[in-house]
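Take these sequences, add in the hints, and give me the full structure.
Residue numbers (our numbering), protein chains in the order written: chain A, 1 to 353; chain B, 1001 to 1353.
Nothing false has been slipped in among the hints.
Restricting the straight-line Cα-Cα distance to at most 20 Å, the calculated cross-link-like pairs of lysine to any residue (SDA-like) are:
| # | chain 1 | residue 1 | chain 2 | residue 2 |
| --- | --- | --- | --- | --- |
| 1 | B | 1121 | A | 14 |
| 2 | B | 1135 | A | 57 |
| 3 | A | 121 | B | 1013 |
| 4 | B | 1027 | A | 126 |
| 5 | A | 148 | B | 1147 |
| 6 | A | 251 | A | 325 |
| 7 | B | 1167 | B | 1214 |
| 8 | A | 27 | A | 251 |
| 9 | B | 1321 | B | 1253 |
| 10 | A | 148 | B | 1010 |
| 11 | A | 27 | A | 49 |
| 12 | B | 1074 | B | 1203 |
| 13 | A | 148 | A | 116 |
| 14 | B | 1148 | A | 13 |
| 15 | A | 135 | A | 125 |
| 16 | B | 1101 | A | 57 |
| 17 | A | 27 | B | 1116 |
| 18 | B | 1009 | A | 147 |
| 19 | B | 1121 | B | 1077 |
| 20 | A | 122 | A | 75 |
| 21 | A | 9 | B | 1121 |
| 22 | B | 1135 | A | 39 |
| 23 | B | 1020 | B | 1049 |
| 24 | B | 1249 | B | 1036 |
| 25 | B | 1121 | A | 34 |
| 26 | B | 1122 | A | 29 |
| 27 | A | 121 | B | 1012 |
| 28 | A | 121 | B | 1028 |
| 29 | B | 1309 | B | 1224 |
| 30 | B | 1135 | A | 32 |
| 31 | A | 121 | B | 1008 |
Since the hints were derived computationally from the structure, they do not count as laboratory data. Remember, predicted model here, so these are calculated numbers, not experimental data.
There are 2 protein chains.
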Amino acid sequence: MTWYVRLWKFITLAHGSGGKETEELVKNLIVQSVPPELWRVEGGTGLDILDDAALIPAGENRYIAVTVDTYTVKPIFFPGGDLGKLAASGTINDLLMVGAKPLAVLDGVVVEEGFPIEDFKKIMGSFIRTLAEEKVALVGGDFKVMPKGQLDGIVIASMGIGIVEGKPIVDTEIRPGDKIIVSGYLGDHGAAILAAQQSLGVDLGVESDVKPLTRLMLPLLEKYRDSIHGAGDPTRGGLAMLLNNWAEKTKTVIVIDEVKTPVRPQVREYAEMLGVDPFSLASEGAAVLAVEPSRAEEIIEYMHSLGFKEATIIGEVYEPKDPRHAGRVLLKSVAGGVRILEPPSGEIVPRIC
Amino acid sequence: MTWYVRLWKFITLAHGSGGKETEELVKNLIVQSVPPELWRVEGGTGLDILDDAALIPAGENRYIAVTVDTYTVKPIFFPGGDLGKLAASGTINDLLMVGAKPLAVLDGVVVEEGFPIEDFKKIMGSFIRTLAEEKVALVGGDFKVMPKGQLDGIVIASMGIGIVEGKPIVDTEIRPGDKIIVSGYLGDHGAAILAAQQSLGVDLGVESDVKPLTRLMLPLLEKYRDSIHGAGDPTRGGLAMLLNNWAEKTKTVIVIDEVKTPVRPQVREYAEMLGVDPFSLASEGAAVLAVEPSRAEEIIEYMHSLGFKEATIIGEVYEPKDPRHAGRVLLKSVAGGVRILEPPSGEIVPRIC
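Next up, the structure:
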């Protein structure tokens, strides 16, 4: 256990922000307490890789993908979506990011005593509609009420099950040479939630991008499964956290180009105004892919044809020249210089999912 | 939608008590909003049956069982266990109750800012230890922090995956003639939590029975899978809720004998003192089975040999003589009369899991 973990006495908001502190807490206080032989089901993946979903082998070239997330965002209704749409989309996307076809979801809903039934119906309606539009079944769940004052509003735990037929997309397969692709604008969700939480009266003109990525990922997997080495959705901690995880897991260096990375000008400006790195802002409807370089251009064209007009190559994966640089993410800035893109740390952004 | 559902304006504690109101809310506001073709994965079970776990077909005579529950009990440390042991045991037991071998678990943990790290380590340690003792893998999870005042303490969502090889135990298979068996004393968990919550200074001398039922159910399934028609753990709403669900789902009448139903005298007295039906009190380490009558005695003997010394036959399933009686549970009371054992309603017992 690292020295600062030993010094922690209380859980802080930073522990839940999805940045460095979350990673340290999960690795040191949870993963390290589990006997390594129980980090995964034999032949699958789990705490050893900490990918978007865990994999359980289910016959030749077949895996069951499983994921769970809890959704605690405030406000529960925000520009572009609500807690229900967020929970359903997040679960579906986590399954897609390991190469699975989403099959079924279960929900665990905890509500505060006195919560308005109308709001409950809206949130659950949105959750169910999002699943139904993607033909994902809702096969079970749990419902609890906490006494007034013990919970502010509503929290949804959402669990998803999917099937991988063929090669799963496991982030540890990312390799030097791979091109890094993003499917569209980054940080919209984080910026929209920040603006709604801070109520500075700023009209960003930006809505959350929250949506299931089924229409992007299922065709891509059908056509290019073997050329996609890594996939992730840059939720908590944004692109910065995702790429740092990838670089760390694969002992590579990832270099991205700020000019090429699509961030809306108003999102960038708002982030700068608040002193937040825009690359640490969450997206809830964007995918980041690491792909075979020879196929990258073709994949981008196909993504455009699927309606993801902003899809673009933003960078590349490198073998570190010096082993001490393994795990670093570098950003070629607009100004021309190169800086280290650190994994986010501290409170970054208040609870955004 | 029934008239009283339409009249609800706010969520109440009764909606979360696991009794009639929970059932009405879940059926009317969730199940009815899901298109029926998405209540289950083709060939499996889900919202159509609302069993302890949903089933997803996975080849010939094979199903994946999946379940999710959220655990919100207060106090988080109680006589006989804690929140972590409760979450792990509850998830394992839900899988066992559909005839599955528990394989893996994922957790979604939500903690309040300022929560002591020591308590977090104790709770998660207990959760992990309970899984590890049963060789169940922990393959993933999520961790969130809510700002101070928005959550009281800690909530765990626990999701389980298991494999059914052979006939799944689906409660709709319960039929007239089946004997109803319980594995041991009922209501210990509910009574222990009640006593801890009410802090009347009563020392009940009763601990929660919370435990995984792996050592009971896996051997039983190995030997008697085809003779077990229904299985359930009487958690929220206790035996009363469980049997009412069974009778309703199968349009049968279930008759149980109070004299034969094992409840500790101090649990019975404490429940009576509080005006609570002891049969509505939760157990978290007991199984209720509906079994082929010709095998019932043999099964009881086997349960005794497995260390479940209090296992006993408490009743039987009947074809209703009058169709209007379908779905009823009758109790032969100690005094000799027969009364209807109603499904619990109202707040019954404050949040016990």
